[in-house]
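Engineer: Assemble the whole structure, with the sequences as input and the hints as a guide.
The sequence shown begins at 269 in our numbering and counts up by one.
Please note: incorrect hints may appear among the correct ones.
Here are the simulated SDA-like cross-link-like pairs (lysine to any residue), alpha carbons at most 25 Å apart as the crow flies [as the list claims (entries may be wrong)]:
no.: 1; residue 1: Lys297; residue 2: Gly358
no.: 2; residue 1: Lys297; residue 2: Glu307
no.: 3; residue 1: Lys297; residue 2: Ala309
no.: 4; residue 1: Lys297; residue 2: Ala356
no.: 5; residue 1: Lys297; residue 2: Asp310
no.: 6; residue 1: Lys297; residue 2: Val394
no.: 7; residue 1: Lys297; residue 2: Ala361
no.: 8; residue 1: Lys297; residue 2: Asn287
no.: 9; residue 1: Lys297; residue 2: Thr397
no.: 10; residue 1: Lys297; residue 2: Leu286
no.: 11; residue 1: Lys297; residue 2: Arg355
Computed spacing ranges between beta-carbons, pair by pair [to be verified]:
no.: 12; residue 1: Glu390; residue 2: Glu307; range: 20 to 26 Å
no.: 13; residue 1: Arg362; residue 2: Arg291; range: 16 to 22 Å
no.: 14; residue 1: Glu295; residue 2: Ala383; range: 32 to 38 Å
Everything labelled a hint here was simulated from the structure, so no lab data went into it.
Even glycine gets a Cβ: it sits at the ideal position worked out from N, Cα and C.
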Amino acid sequence: MIQRDYIDRLIQECAEALNRMLRLRRERKYDEALQAFGEAADRILGPIRTLVERMEPDSAVDFVGPNQLERLRLYAALLGQEGVVHRARGDSARAYLSCRRALELYAAISLSGGALVDDDVERIGVLTTMVDTRGLDPRHREELGRLARPQG
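Structural biologist: Rendered as structure tokens:
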């Protein structure tokens, strides 16, 4: 119960950070939006953030373990929004790196059996327009393609 309350709080914090970043990007306050990303990423991942940022996506999933995949999923959402902010400010290189990393994390989470929500699938759709997915690991590319197709 305590674990679920903690995750629910993280989800709420992430949603607030995403909304704040979106608002700041629309107001062209890019530095503030990126600061909001950094603060939220620190809260979501805590002291493991620097390790996770240096790991391959599949290794990051293994490192956090099945009970913490939600935190990694939230971080992927934040990373995607960070990429959108970089793109809006004209920094295509950083936009590409953030968006690619978000996509790779989403794919790795899904491949490990972690659940993605509808908002994640929507974000994947947006992010794949910003990244040439042909450069991704073939397993990740295939998984993203599967996720983007309507289920039914």
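Engineer: Each of the hints needs a verdict: does it hold here or not?
Structural biologist: Hint by hint, here is what the structure shows:
no.	hint	in the structure
1	Lys297 / Gly358	holds (13 Å)
2	Lys297 / Glu307	holds (16 Å)
3	Lys297 / Ala309	holds (18 Å)
4	Lys297 / Ala356	holds (10 Å)
5	Lys297 / Asp310	holds (20 Å)
6	Lys297 / Val394	holds (21 Å)
7	Lys297 / Ala361	holds (19 Å)
8	Lys297 / Asn287	holds (13 Å)
9	Lys297 / Thr397	holds (23 Å)
10	Lys297 / Leu286	holds (14 Å)
11	Lys297 / Arg355	holds (13 Å)
12	Glu390 / Glu307: 20 to 26 Å	holds (24 Å)
13	Arg362 / Arg291: 16 to 22 Å	holds (20 Å)
14	Glu295 / Ala383: 32 to 38 Å	holds (33 Å)
In the structure shown, no violation is registered for any of the earlier numbered hints.
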